[in-house]
Amino acid sequence: MSYIPSDLLFTSSHEWIRDEGDDTVTIGITDHAQELLGDLVFIELPEVGDTIESGGEAGVVESVKAASDVFSPVSGEVIEVNEDLVDSPELVNEQAYDNGWIYKIKLADPAELDGLLNAEAYTEVVEADEH
Amino acid sequence: MKKTVLNQAHRDLKARMVPFGDWDMPVNYGSQIEEHHAVRKDAGMFDVSHMQAVDLTGDRVRDLLRYLLANDVAKLKDPGKALYSCMLNERGGVIDDLIVYYMREDWFRLVVNAGTAEKDIQWLKQHAPDYAVSVRVRNDLAMIAVQGPNAREKAIPAIEEFAGAELSAEAAVLKPFNAAGGDSWFVGRTGYTGEDGFEVLMPQEQAEAFWNALNAAGVRPCGLGARDTLRLEAGMNLYGSDMDEETLPLEAGLGWTLAFEPQDRDFVGRKALEARKAEGHLRKFTGLILEGRGVLRDHQKLYEDDTEVGEITSGGFSPTLEKAIAFARIHADAGENLRVDIRGKKLPVKRVKLPFARAGKAVNIPQ
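In the order they appear, the protein sequences are chains A and B.
Going by this note's numbering, the first residue of the first sequence is number 1, and it counts up by one from there.
Going by this note's numbering, the first residue of the second sequence is number 1, and it counts up by one from there.
Among the hints, erroneous ones may be present.
Pair ranges (Cβ atoms, derived) [claimed, not checked]:
hint: 1; chain 1: A; residue 1: Ala128; chain 2: B; residue 2: Glu166; range: 50 to 56 Å
hint: 2; chain 1: A; residue 1: Tyr3; chain 2: B; residue 2: Lys301; range: 35 to 41 Å
hint: 3; chain 1: A; residue 1: Glu20; chain 2: B; residue 2: Lys346; range: 36 to 42 Å
hint: 4; chain 1: A; residue 1: Ala128; chain 2: B; residue 2: Gln206; range: 37 to 43 Å
hint: 5; chain 1: A; residue 1: Pro5; chain 2: B; residue 2: Lys346; range: 38 to 44 Å
hint: 6; chain 1: B; residue 1: Ala362; chain 2: A; residue 2: Gly55; range: 38 to 44 Å
hint: 7; chain 1: B; residue 1: Pro149; chain 2: A; residue 2: Asp109; range: 56 to 62 Å
hint: 8; chain 1: B; residue 1: Leu13; chain 2: A; residue 2: Glu127; range: 18 to 24 Å
hint: 9; chain 1: B; residue 1: Gln8; chain 2: A; residue 2: Val48; range: 46 to 52 Å
hint: 10; chain 1: B; residue 1: Ala278; chain 2: A; residue 2: Thr51; range: 57 to 63 Å
hint: 11; chain 1: B; residue 1: Ala275; chain 2: A; residue 2: Thr51; range: 54 to 60 Å
hint: 12; chain 1: A; residue 1: Tyr3; chain 2: B; residue 2: Gln206; range: 35 to 41 Å
Worth flagging that the hints you see were computed from the coordinates, not collected in a lab.
For glycine and all other residues, C-beta sits at the position ideal for the given N, C-alpha and C.
This is chain A alone, in the form it adopts within the complex (with noise of 0.2 Å):
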C-alpha cells in the first residue's frame, strides 16, 4: 500500500492537492500513481499564467513505461511550476508530495475543494484499483 498524507486532497485520476489557505493550491501526482507509472523520465509542465479548466490537461509525466497526461483537479490561473522536474523528474518517485510537486494554481473557485476526495476516500479508491 503506498503512502497517502492525511492533510491532502485528492482525485480518482490520482492527482494530490494541498490547500495553501490562501485561494492558492499545490499540486501534485500521488505516490501510488509514480509506483504504476514507473521511473519518470519526462515532464511537461504547464506555464505560468495558462487559465487551466477543471478536469482539462495540465501536463504531461512519462515513464520509462508510459506517457500519462495530468489533470487539473481545479480551475484557476497557474502561479508556479516545479522547474526542478525538467531535469530531475525523478523527484517525482521519490518524494511525490514534497519536491515532486507539480504546479500551483490560483483557485477561480476555491468553492471546487469540496467536490475533491479526503484521504480515506481516496485510500479506497487505491485500494479498489490495487484488487
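For this one, chain A is given, so just place chain B on it according to the hints.
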C-alpha cells in the same frame, strides 16, 4: 493468466506484476532504470520461462529446418552452436524470430517467443511429418537469462552447484553464441541485452533454488521493463512491435539473417522475398534519437517536411544515453531530416545506425 514457476519468487521480491500476453510477469522490482544499469555495469537476471523451448528430433531434422528457417542451419556444424533466424510464411512475413541450437545431427533445439509459441508449434507440427521429425514441446523446462559484464563469473558457481562441475566447466569456456548441456540443464552464451551472459534452461523444479542462488551471488532481479530498454539500446528487434506476419524481414532490419546462398536452397518465403527485392523500393529500418526532451513511443508518426514517411515500431527512454531512442520503418526515399509527431508537436529526430549501446557503452552516437 499463465504463471511461470518463478511467479511466487517475483512476488516475494515485491515485483510489480503485469499481464504480458497471456502471462503474469514482473515488469520491475522497484526501479526499471536501476535494473537496466545493473545489467550494463554488473549483472542482472530475467525470468524468461514464458519463452518456449522445442526439441526437434529425427534423421532429417536439418533438412526440415533448412526448409522452414530463412537463415541456413547448414552453418551449424559443431554441437552447441546457435543461430538466430526468422521463420517465414509463404508471403515472406515473419511467423517468429527464434534461436536454433545444434545439439546432435538428429536433434536441434528451438527457443521461440512466448506470444507466438502456440502458432509456431502448430506450424512445426504441420511440416515435421514430411521429414519424419518429432516435435517435443519442453513445458518441463524453465529459463533464466543472466546478463551483464559480471554475469558469467557470478553464475558459474551456481551452475556448478545445481548442474555439476562438468557442465559449469564447459559453460566457463563457451564462446559467444555457443551452448553446452543437454536434455535437462542447458547453458547458452546468448542473450537479449547487448551484454555478455548466459541463458540457462533447467528443470522447472530447480528454477526457484537456482534463482535464489543467483540472487545471493549478487545478480540483480530485473523485469521485462529493463529487458525492453536493454534490447532497444542493443538494436535487437521485438516480435510483434518491429515485425510480424505482414512485415518482410527486409523491412525490419533483418536482411542480415536471410541466407539466400546457396541459391538452390528452397525455404518458405524465399520466392516472395526475391520478388519484393527485385521490385525494389523496400522501406528502410532505422535508429532514431530525439534531440530534445520527450519520449519516443511505438506508433508515433514520422514526417519529412509535411509528408508522413513512416512510423516508430519500438520507442522508449534510453537510460545509457539519457535520451529517447527508437526504431522506425520509413519510406525507401525518406531523407535524413525527420520529425516525430508527439501529441501534436513535431519535434526533430536524428537518424542513427543501430545499435545505440552495447557492452556497457553508447555507440554510434553523433555529438
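Contradicted hints - numbers only
none
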